[in-house]
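Participant: Single-letter residue listing:
Protein chains: 2
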Amino acid sequence: MKRTLIAALLLSLCGTAAADPLSAWNDTASKRAIEAWVQNATKPGSDTFIPPEKRYVVFDNDGTLWPEAPLTFQIQFALDEIKRLAPEHPEWAKDPLLSAVMKGDTKTIAAASQKGLMKILALTHSGMTTGEFNQRVAEWVTSHKDTRFGCRYDQMGYQPMRQLLDYLRENGFKTWIISGGGIDFMRVLSQKMYGIPPEQVVGSFSLSEFSLTDNGTQLRKTMQGAFNDDATSKPVAIHLFMGQRPVAAFGNSDGDLAMLQYTAANPDAKTFGLLVHHTDAAREYAYDSHPPASGKLVEGLKQAKEKGWTIVDMKQDWKTVFDPAQCPVKPIP
Amino acid sequence: MKRTLIAALLLSLCGTAAADPLSAWNDTASKRAIEAWVQNATKPGSDTFIPPEKRYVVFDNDGTLWPEAPLTFQIQFALDEIKRLAPEHPEWAKDPLLSAVMKGDTKTIAAASQKGLMKILALTHSGMTTGEFNQRVAEWVTSHKDTRFGCRYDQMGYQPMRQLLDYLRENGFKTWIISGGGIDFMRVLSQKMYGIPPEQVVGSFSLSEFSLTDNGTQLRKTMQGAFNDDATSKPVAIHLFMGQRPVAAFGNSDGDLAMLQYTAANPDAKTFGLLVHHTDAAREYAYDSHPPASGKLVEGLKQAKEKGWTIVDMKQDWKTVFDPAQCPVKPIP
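If you read the protein sequences in the order shown, they are chains V and L.
Take the first sequence: its position 97, counted from the start at 1, is 108 in the numbering used here, and no numbers get skipped.
Take the second sequence: its position 297, counted from the start at 1, is 308 in the numbering used here, and no numbers get skipped.
Simulated from the structure, these hints should not be mistaken for lab results.
Cβ atoms here follow ideal geometry from the backbone N, Cα and C, with glycine treated the same way.
Do not rely on the hints blindly, as some may be mistaken.
[As the list claims (entries may be wrong)] Simulated pairs of lysine-lysine, BS3-like, Cα-Cα distance not exceeding 25 angstroms:
hint, chain 1, residue 1, chain 2, residue 2
1, L, Lys-185, V, Lys-185
2, L, Lys-65, L, Lys-313
3, V, Lys-114, V, Lys-94
4, V, Lys-185, L, Lys-203
5, V, Lys-341, V, Lys-318
6, V, Lys-65, L, Lys-118
7, V, Lys-65, L, Lys-185
8, L, Lys-313, L, Lys-281
9, L, Lys-114, L, Lys-130
10, V, Lys-94, V, Lys-130
11, L, Lys-313, V, Lys-203
12, L, Lys-156, V, Lys-185
13, L, Lys-65, V, Lys-203
14, L, Lys-118, L, Lys-307
[Claimed, not checked] Covered by chain V, per the in silico footprint, the following chain L stretches (three or more residues, Cβ under 8 angstroms):
hint, segment
15, 68-81
16, 90-103
17, 247-256
18, 261-274
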């Protein structure tokens, strides 16, 4: 008995000492706010206890769990796919935008209209079966690297946020992604990168089309019934897919504002809101509301003060940006 | 040690002897087919073992988990709501269909066009907030009873199927509903009746509309973006919401055929398909392919033979239809 007791004591001591589940976070107010909220939400008898069946939390993806600059990963995928598929489509050379993509003429691409962008998305995200599309994303991610960091895209999840996902799940929270990104695109990567299964990944979507084939069935991706899961559509998607109100919401831009507001107005819980503020030009990017500002995160910063949301200052609050074992970042001098 | 061992033995013996998880099923081929598939799917080393992360199974609702005759519960709810709301809408009296609903003129209601039905659905399923709608369903279910059986609708889940849901979950399967019924309607009832949380309930849906209010936010139900989750749309919904291929599918009509076909063609598993055949006029209804046949289940019976799907003959295979403690059925002589 004594030996067992000692072993248990040692195990508990070592366990406590060894593992800070949020070790990629600096010991600043942001980390302390997260920990305090989780501890109070999960401590039986606490005033702000949240029963396990209500512990649903939602995360934006682009800019919150992985970078969105200079282009979102999905747009990069679409551009790479246009290049890969171009030899089969000589007629694309006559199209100014597609021809710009093939030449890597980023100026023309950046100036493209919404309609032009939709054309590129349609060419790379519809017409194939759902299985073929998944295969294409999987092949792309193993064969392409981010040009600035030289890392594979699936090794560029933010380490502090991945730890936060783990930490929340260890405390009984169900972690969901509610993103403007394409639902099928993200689902290929979400389990491995974030430990989030496909059904808890919600994004922009179009409907597929079912048919029988000679040896089974197929679902072909179309652009029908397109739903753009951004801004005020995020709460709509949360209701549709999750069917209940989140108790915490994590985003990075004004496109996440409605999701944070919807969460904050949950009458059944003391909720938590957090915005990732991109302030770190050396280790990642500083673009959201710094000059030259993109204006991506302006209203959110204002409302955060009123509502008590946590603003993560990347530069101050994160010890690392990416997992150094996956994607070592050399700061730009 | 000896006492512990004896206690453990007793516990294991009693446990085994006491609990048949499918006690509401007769000992017929249907029950044995279910048990054999589950045992083989969950036994490590078995040729047809399915890893836990792939154990997604889908159930239709109307006619599979609860009755759909003479009207679906949701249509009954809509008609009851028209009656409840009529005093606030004197103008409805001039509408032949709405006036028929108020008078209980079932003939006119039965002869209503799809357009008429959509009008009734729009009046009872849109215009209010999602919270108000949930409240209305919850109030309806506590204040109305099925006229033939005299039971509350939420006490009329089929006992054998509820046991099957439990049995599958105990064996590590994730149980999902994929139904033509309204997603918001079912979600009010699914946790309590079936142990299925809202996010695993998929049905026909329309989009809601987000807005800020004086003291928070609201989602208002609309008829925009209506998706009818039936027939070939079921695999589309499975892909959209679940994001992976099921390993088993349970339905009761030709409207479930595409879902069963999509499941059967899953290349990664030895799948299971089952159709509930309504053959029991005494304890429930016999309507699906008996004279006078509704033609609801014709193609399904044909394909079941080719594909090896299990046909549940309600009359032969089910010991009870409803839980006798909730809804005792007196057979019609």
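Participant: So, for every hint listed, does it hold in this structure?
Facilitator: Hint by hint, here is what the structure shows:
1. Lys-185/L with Lys-185/V: holds, 15 angstroms
2. Lys-65/L with Lys-313/L: Given pair Lys-65/L, Lys-313/L is violated - Cα atoms ~28 angstroms apart, limit 25 angstroms.
3. Lys-114/V with Lys-94/V: Within the cut-off at roughly 9 angstroms; holds.
4. Lys-185/V with Lys-203/L: holds, 20 angstroms
5. Lys-341/V with Lys-318/V: violated, 36 angstroms
6. Lys-65/V with Lys-118/L: violated, 45 angstroms
7. Lys-65/V with Lys-185/L: holds, 19 angstroms
8. Lys-313/L with Lys-281/L: Status holds; Cα separation ~20 angstroms.
9. Lys-114/L with Lys-130/L: Answer holds: Lys-114/L to Lys-130/L is near 17 angstroms, not above 25 angstroms.
10. Lys-94/V with Lys-130/V: holds, 14 angstroms
11. Lys-313/L with Lys-203/V: violated, 42 angstroms
12. Lys-156/L with Lys-185/V: violated, 36 angstroms
13. Lys-65/L with Lys-203/V: Answer holds: Lys-65/L to Lys-203/V is near 15 angstroms, not above 25 angstroms.
14. Lys-118/L with Lys-307/L: Since the Cα atoms of Lys-118/L and Lys-307/L sit roughly 20 angstroms apart, the hinted pair holds (cutoff 25 angstroms).
15. 68-81: violated (count 0)
16. 90-103: It is violated, with 0 qualifying residues against the three required.
17. 247-256: holds (count 7)
18. 261-274: With 3 residues in contact (Cβ-Cβ under 8 angstroms with chain V), the coverage given for the segment 261-274 of chain L holds.
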